[in-house]
Amino acid sequence: MTWDTSTIARFLLENRGVAGHSGRLGVKYHAHGDDWIEVAQPYSDDLVGDERTGVIASGPIIALMDIATSLAVWSRVREFVPHATMDLRIDYLRPARPHHMVIGRAECLRVARSIAFTRGIAHDGDIDDPVAHVAATFMVTSGSYPKVTA
Amino acid sequence: MMLPPYAKLLGVTLEQGDDGTPVIVMPFGQHVVGRPGYLQGGAISGLLEVAAIATLRHALAGEAGARIKPINATVDFLRGGRDHVTRATGTITRLGSRVATVEAVAWQDDRARPIAGARMNYLIEREGG
Numbered sequence: 001m002t003w004d005t006s007t008i009a010r011f012l013l014e015n016r017g018v019a020g021h022s023g024r025l026g027v028k029y030h031a032h033g034d035d036w037i038e039v040a041q042p043y044s045d046d047l048v049g050d051e052r053t054g055v056i057a058s059g060p061i062i063a064l065m066d067i068a069t070s071l072a073v074w075s076r077v078r079e080f081v082p083h084a085t086m087d088l089r090i091d092y093l094r095p096a097r098p099h100h101m102v103i104g105r106a107e108c109l110r111v112a113r114s115i116a117f118t119r120g121i122a123h124d125g126d127i128d129d130p131v132a133h134v135a136a137t138f139m140v141t142s143g144s145y146p147k148v149t150a
Numbered sequence: 001m002m003l004p005p006y007a008k009l010l011g012v013t014l015e016q017g018d019d020g021t022p023v024i025v026m027p028f029g030q031h032v033v034g035r036p037g038y039l040q041g042g043a044i045s046g047l048l049e050v051a052a053i054a055t056l057r058h059a060l061a062g063e064a065g066a067r068i069k070p071i072n073a074t075v076d077f078l079r080g081g082r083d084h085v086t087r088a089t090g091t092i093t094r095l096g097s098r099v100a101t102v103e104a105v106a107w108q109d110d111r112a113r114p115i116a117g118a119r120m121n122y123l124i125e126r127e128g129g
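From first to last, the protein sequence lines stand for chains A and B.
Counting in the working numbering, the first sequence runs from 1 upward without gaps.
Counting in the working numbering, the second sequence runs from 1 upward without gaps.
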């Protein structure tokens, strides 16, 4: 099967039988380029962490960026490889604005034999004014990642 | 203690530990699944965040006006989260006048075998502070 980033991302995120947590959150494929991918988290009252302000909780931002960085790895190796998040570090630069969609943009820095390194940012409309910054590492659950060709 | 709407999305409930500290309980379900049969990393992280904030709110119970804002978090995923109930609790490493550091841990059957741990820094905004 030839790799198609948008088709695979839509299948994983939006197919009811496949999408678990991402389906419940409502995360969707947004856009991609050669070395980046964006997923989108539409605003929902369900996601709110602080009812006084309507600001969404930090958990959904981590989930969004976990999804975005994971997809960035598959997009890089052009194959769906079962892997697990090893660690994820996030800086919350500012609260996401209520009623704004949050975009998670990620890129894969390197794929080694069994570990993949990624980084990403979340923003709510202006990429130059990000909501969060993330670094995440993944580990292949069996065997090794495919070799990246050029 | 009131849990936020996001905690309801995760389907978590609040238990009390032996010393009165909050323990957050998350049943398994399709709404928290990542790869088939395993918890999604974001759902585990969300559970850890809810536990950390509940621990801080518990510690700040006497200060009605104190607001808790996340600064950053580092989450380590130690074992795959299987189709079992998951529990999480927090330990406050430091509670200063402006910043608090919380270590949160999540486990399934055996508390001595955590599935994930996190270190989180929070800004504490006190009324008139």
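None of these hints come from the bench; they were simulated from the model.
Don't take each hint at face value.
[As the list claims (entries may be wrong)] The following label-pair restraints were derived from C-beta to C-beta distances:
{"#": "1", "chain 1": "B", "residue 1": "79", "chain 2": "A", "residue 2": "127", "range": "34 to 44 angstroms"}
{"#": "2", "chain 1": "B", "residue 1": "20", "chain 2": "A", "residue 2": "127", "range": "19 to 29 angstroms"}
{"#": "3", "chain 1": "A", "residue 1": "142", "chain 2": "B", "residue 2": "1", "range": "38 to 48 angstroms"}
{"#": "4", "chain 1": "A", "residue 1": "15", "chain 2": "B", "residue 2": "13", "range": "43 to 53 angstroms"}
[Stated by the list, open to error] Computed footprint of chain B on chain A, listed as stretches where at least three residues anywhere in the stretch have a Cβ under 8 angstroms from a Cβ of chain B:
{"#": "5", "region": "2–16"}
{"#": "6", "region": "21–35"}
{"#": "7", "region": "77–85"}
{"#": "8", "region": "89–95"}
The beta-carbon is built from N, C-alpha and C at its ideal position, and this holds for glycine as well.
I'd like to know which numbered hints this structure contradicts. Please list them from smallest to largest.
When the structure is compared with the hints, numbers 2, 4 and 5 turn out to be violated.
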